[in-house]
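> Sequence:
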Amino acid sequence: MRNQGYDDKIFNPFSELLDKLSIFTSSLGDDSKASRRRFDGWSLSERNPEIIKAWMPIWEWFYRYYFQVETSGWHHMPSAGKVLIVGSHNGGLGSPDTSMFMYDWFRTFGYERLAYALMHPSAWDTPIFAVPGAPVGAIIAHPKMASAALRKDAALLVYPGGAQDLFRPYTWRNRIHLANNKAFIKLALREEVPIVPIISHGAHSTLIVLADFYQQMKQFHEWGFPWLLDGNTGVFPVYLGLPWGLGIGPLPNIPFPMQIHTHVCAPIVFERYGRVASRDRTYVDACYEQVRAMMQAELDELVQKYDCSEG
Numbered sequence: 000m001r002n003q004g005y006d007d008k009i010f011n012p013f014s015e016l017l018d019k020l021s022i023f024t025s026s027l028g029d030d031s032k033a034s035r036r037r038f039d040g041w042s043l044s045e046r047n048p049e050i051i052k053a054w055m056p057i058w059e060w061f062y063r064y065y066f067q068v069e070t071s072g073w074h075h076m077p078s079a080g081k082v083l084i085v086g087s088h089n090g091g092l093g094s095p096d097t098s099m100f101m102y103d104w105f106r107t108f109g110y111e112r113l114a115y116a117l118m119h120p121s122a123w124d125t126p127i128f129a130v131p132g133a134p135v136g137a138i139i140a141h142p143k144m145a146s147a148a149l150r151k152d153a154a155l156l157v158y159p160g161g162a163q164d165l166f167r168p169y170t171w172r173n174r175i176h177l178a179n180n181k182a183f184i185k186l187a188l189r190e191e192v193p194i195v196p197i198i199s200h201g202a203h204s205t206l207i208v209l210a211d212f213y214q215q216m217k218q219f220h221e222w223g224f225p226w227l228l229d230g231n232t233g234v235f236p237v238y239l240g241l242p243w244g245l246g247i248g249p250l251p252n253i254p255f256p257m258q259i260h261t262h263v264c265a266p267i268v269f270e271r272y273g274r275v276a277s278r279d280r281t282y283v284d285a286c287y288e289q290v291r292a293m294m295q296a297e298l299d300e301l302v303q304k305y306d307c308s309e310g
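Residue numbers for the sequence shown follow numbering that gives the first Met the number 0, beginning at 0 and rising by one.
Any given hint could turn out to be false.
[To be verified] Straight-line alpha carbon distances no greater than 27 Å define the calculated DSS-like cross-link-like pairs of lysine-lysine that follow:
#1 K143 to K181
#2 K181 to K151
#3 K185 to K143
#4 K181 to K81
#5 K217 to K181
#6 K217 to K151
#7 K81 to K52
[Unchecked claim] Quick list of the computed label-pair ranges, beta carbon to beta carbon:
#8 A296 to P225: 43 to 49 Å
#9 P120 to E221: 21 to 27 Å
#10 V302 to S42: 35 to 41 Å
#11 F212 to P251: 15 to 21 Å
#12 I253 to T281: 40 to 46 Å
#13 Q214 to E69: 35 to 41 Å
#14 W243 to S121: 15 to 21 Å
#15 S121 to F212: 14 to 20 Å
To be clear, the hints were calculated from the coordinates, so they are not data collected in a lab. Beta carbons: idealized from backbone N, C-alpha and C, even for Gly.
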């Protein structure tokens, strides 16, 4: 992989990152209206290469020592131009394979190539996600913002399965679960962009999801019980993980230090593109299944390779 201007020395990385973030946030001034406009995910201009650089030593430590990441397939990633990167979410709100993929992306392509990632609207109401997310390229998960990013010839990372994928049961850890969300297919067809799937093995073992009680909690809420957590995520998991021991609800977690293997799959180019194709339900369904099946086959191969070697 190419390494463009990245210093491998790790020296007080958190201090440097906090300094960069303080400069970034101080530009807001004292205007409360400006503060509300900032970090809402509706801008492509909040991405800041200097803050990305400041994150790199921290990501590197987790990459090398905490998760001991092994990666493959980066020759499949187009070196320039717009691309829709489609991933399977893992590991709860910690989502360690996402940050590890970002580390690989920036050390491969540097900091100036435009890259964005869609983040759930609920996350923009939470400073712990919104403040660090905006400068590294997070934008709100909305069709207008997704199209705007691709029309800037950028790479766009999407996780169609969303929170359902993040908190799928541990028994589903080796299953691709895109939640039947086909919006990314319609986006790719409208914007005439190739899809590059990314997968990982091990990330969903960084917490143990026992079950999802969303439907039960929704029923309790309809009966008059207060909904203490964000119901817009569509999940209410119970899991074993750090720091809670037993986590109840979609709470942030600290991932267990499990080894993670990531893989970039070959690009998928469909036969037809354009708005007419994006409105053809049968064709959209077929494209969705093509992507899902490819990701599952690649994940099966990854699981077989590393489970057998570890056994």
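> Take the hints in turn and mark each one as holding or not.
Hint by hint, here is what the structure shows:
Pair hint K143 plus K181 holds up; C-alpha atoms about 16 Å apart against a cutoff of 27 Å. Among the hinted pairs, K181 with K151 is consistent with the structure: their alpha-carbon atoms are about 23 Å apart, no more than 27 Å. For the suggested pair K185 and K143, the alpha carbons sit about 13 Å apart, so the restraint of at most 27 Å is met. Pair hint K181 plus K81 holds up; C-alpha atoms about 19 Å apart against a cutoff of 27 Å.
With a C-alpha separation of about 25 Å, the suggested pair K217 and K181 falls inside the 27 Å cut-off, and the hint holds. Of the supplied pair hints, the one linking K217 and K151 is violated, its CA atoms being roughly 40 Å apart against a limit of 27 Å. Taking the CA atoms of K81 and K52, the gap is about 22 Å. The hint holds against a cut of 27 Å. Between A296 and P225 the beta carbons are some 44 Å apart, a value that agrees with the proposed interval 43 to 49 Å.
Taking 21 to 27 Å as the suggested C-beta distance range, the pair P120 and E221 conforms, at roughly 22 Å. Judged by the Cβ atoms, the range 35 to 41 Å given for V302 and S42 holds: they are separated by roughly 39 Å. Taking 15 to 21 Å as the suggested C-beta distance range, the pair F212 and P251 conforms, at roughly 18 Å. Judged by the Cβ atoms, the range 40 to 46 Å given for I253 and T281 holds: they are separated by roughly 44 Å.
Taken as a hint, the range 35 to 41 Å holds for the pair Q214 and E69, whose Cβ atoms sit roughly 38 Å apart. Look at W243 against S121: about 20 Å separates their beta carbons, and that is inside 15 to 21 Å. Checked against the hint of 14 to 20 Å, the pair S121 and F212 passes, with Cβ atoms roughly 18 Å apart.
Taken one by one, the earlier hints fail for this structure only at number 6.
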